[in-house]
Amino acid sequence: MHDFHVGIEHITRVEGHGNIIIDVKEGKIRELRMDIVESPRFFEAMALGRSYKEVAHITSRICGICAVTHTTTSIKAIEAALGFEPSAQTIKLRKLLLNAEFIQSHILHVYFLTAPDFFRVGSVFGMVKDNKEIVLRGMRIKTLANELCALVGGRHIHPITLKVGCFSKNPESKDLAAFKKKIEDLWPDIEETVKFFKSLKTPEFERETEYISLTCPEEYALYDGNIKSSDNGEVEPSDYLDKVKEFMVPHSTSKHAKSNRDSYMVGALARFNNNYDQLHPKAKEVAEELGLKQPCYNTYMNNVAQVVETVHCFEDSIRLMDDLISDGMTDEKIELIPKAGHGVGATEAPRGTLYHEHKLDDIGKITYANYIIPTGQNLANIQNDLRALVPNILDQPRDDIILNIEMLVRAYDPCISCATHLMKVKFIDE
Amino acid sequence: MTKPRVAFFSFSSCEGCQLVVLTIEEQLLELVNLIDIVSFREAMSEKSEDYDIAFVEGSITRTSEIERIKKIRDTAKVVIALGACATIGGINSLKNQFEMDKVKEIVYGKTANDYETIPTRPIEAVIKVDYWIQGCPIDKDEFIEVTKAILLGKKPRIPDYPVCVECQMRENVCLFEKGIVCMGPVTRAGCKAICPTYNDGCTGCRGLIDDPNLSSHKNLLSEHGLTVDEAISQYMLFGGNSKEKYE
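Protein chains in written order, with the working numbering: chain A, 1 to 430; chain B, 1001 to 1247.
Any given hint could be a false lead.
Unchecked claim - Cβ pair distances, simulated, as ranges:
hint, chain 1, residue 1, chain 2, residue 2, range
1, B, Asp1050, A, Pro391, 49 to 59 Å
2, A, Gly328, B, Ile1180, 17 to 27 Å
3, A, Arg398, B, Leu1029, 24 to 34 Å
4, A, Asp130, B, Ile1144, 24 to 34 Å
5, A, Phe247, B, Val1165, 52 to 62 Å
6, A, Glu192, B, Leu1029, 37 to 47 Å
Said to hold, decoys possible - Listed below are the simulated EDC-like cross-link pairs for lysine to aspartate or glutamate, each with C-alpha atoms no more than 16 Å apart in a straight line:
hint, chain 1, residue 1, chain 2, residue 2
7, B, Lys1102, A, Glu335
8, A, Lys53, B, Glu1166
9, A, Lys365, B, Asp1229
10, B, Lys1178, A, Glu335
Said to hold, decoys possible - Listed next, the stretches of chain A that the computed footprint assigns to chain B, with coverage defined by at least 3 CB atoms under 8 Å from CB atoms of chain B:
hint, region
11, 22-36
12, 189-198
Calculated directly from the structure, the hints in this document are not laboratory data. Quantities reported herein were computed from a predicted structural model and do not represent experimental measurements. Glycine included, C-beta positions come from ideal geometry on N, C-alpha and C.
Please construct the entire structure, taking both the sequences and the accompanying hints into account.
Laid out in structure tokens, this is it:
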């Protein structure tokens, strides 16, 4: 097929509203872009004038899927602005909660949003008839992750206990101990998950790009670290604008981001490529089992990297729970004294590095906010991937071309509600 | 009996309430036996323009959304507003404190005029709504209760008492006694007082009860050191679309 025109309106099984427009004439791409048609919500304006204590309640609402990461990142930016270091206990609890969100989000993506493509059905509901056990297994793992979120955060979607300074309520040690047993009981499901993804044939594709993620000497960086590019080294979070350069595309619709090259990738595969050595040994075994080797340049393998990270996050959660149980938890009550300040928080969200920047006045009210979201950073790279992919699959039937395109976009696990506040919006007329 | 055809739609929101629907998990599969989910973009590829029941998440923040929600109303026999953005405007209403030109300039600077936005409204400001499921996010048990009632043709029971009632039932110590400001006395229950249970003051995400004693609540807030402006600011976190109700 040398001529190919497709406008996929409201791509499904992603969070938020996006369109893909591809126009190929005589084998040459004339136009290729991903439009974001989600309504902008203006969070940077909504935060203005609000207290440093409550801004995380607002930014949590940027995204229902990664609410824990948004809340955590906002709090870190506030604490940086106030020059406050939370206790070791608080950091452990935050890491535990973040792990739970990663598991929840990754399982949602690989089982419910991605797997239907391999069965050629439109949704997970379509898998229930012939593959009910697979669906139930995904649900069991996701339910457990939701329960861990609720145990530590009060609830998963828009967590309650995560506050500036410390947790408003700690989980009970006995509940953490009981939860560890639940993870052990669930382990066969995790092993089956690995077998299941081994049985799926990931499409072949290769395009090396720049990979950006946090990195830190002590551990596989999710909660904290410097910003690392696979091209040119590290900077501290406060210098994030040196690594993340937003730009407008002529005749195009979206504000994109680039770093050293014209696009870069964030998310599970970027983290895997940058920080493989620090993965838990069991997660490394799973990577080997699933044929994921560092460095990997096949974007479709982002799904596999999410499975690998799921195992890592379970193992890391067990370690954190052991620590919290053996050290014992104390009820903290921390009242920070507001003062003028300026701080940046950088955290890995399931979909990639997330930045929140806040400025405070002397009574602790927000005077400036900037939020940079993983999906916005990935958009330019998604388009570059599609430009590399499309010419190679034009001999396939039209439905297969569309499926391959959608699967590639979906592999990024895009979260469009999050990203939209920094997108320029254009309506397509078809 | 043919199964009712159910569709989920999202407007300006974080899609967290639809995620709550996906977290009901095994019960969701039971529910799928009773209904046909014909449109749910976040979870499925199939789409249909023919449905009986529409769950709508999100608020109206653009003129194009007005046309879209009207079309949904014309098609559906029953429209249910799902979550604070749809029921009361929710967190999106925070931008209503500014002029829209100012809001656009704050976020987009020089390119502000390339964006279109209107003051945030709940969906009932544009169309007739049949039922409301409150909260940011919604409570999954309440979602199941309300959905079952609608499927059985019964009127769902929505609490018209404050969060304090549920908080007392959980035998929580009142947060005001711990020095924490709380919107529980004027906010509609149904969330099982989840935030106060975790030592965080209620933020009013479920909207006001039908007949709130606001003057008494404001006195309580002022006894805890809040100025009038600070008290209003608390109400505005989720209630910014109906400022006049709180004054």
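Hint-by-hint comparison with the structure:
1. Asp1050(B) <-> Pro391(A): 49 to 59 Å: Violated, at about 39 Å.
2. Gly328(A) <-> Ile1180(B): 17 to 27 Å: 25 Å, holds
3. Arg398(A) <-> Leu1029(B): 24 to 34 Å: 33 Å, holds
4. Asp130(A) <-> Ile1144(B): 24 to 34 Å: With a Cβ separation near 27 Å, Asp130(A) and Ile1144(B) satisfy 24 to 34 Å, so the hint holds.
5. Phe247(A) <-> Val1165(B): 52 to 62 Å: 53 Å, holds
6. Glu192(A) <-> Leu1029(B): 37 to 47 Å: 19 Å, violated
7. Lys1102(B) <-> Glu335(A): 33 Å, violated
8. Lys53(A) <-> Glu1166(B): 25 Å, violated
9. Lys365(A) <-> Asp1229(B): 14 Å, holds
10. Lys1178(B) <-> Glu335(A): The given pair, whose Cα atoms are some 13 Å apart, holds under the 16 Å limit.
11. 22-36: violated (count 0)
12. 189-198: This one is violated; 0 residues, fewer than the three required, reach chain B with a Cβ under 8 Å.
Going down the numbered hints, you'll see the structure goes against 1, 6, 7, 8, 11 and 12, while the others check out.
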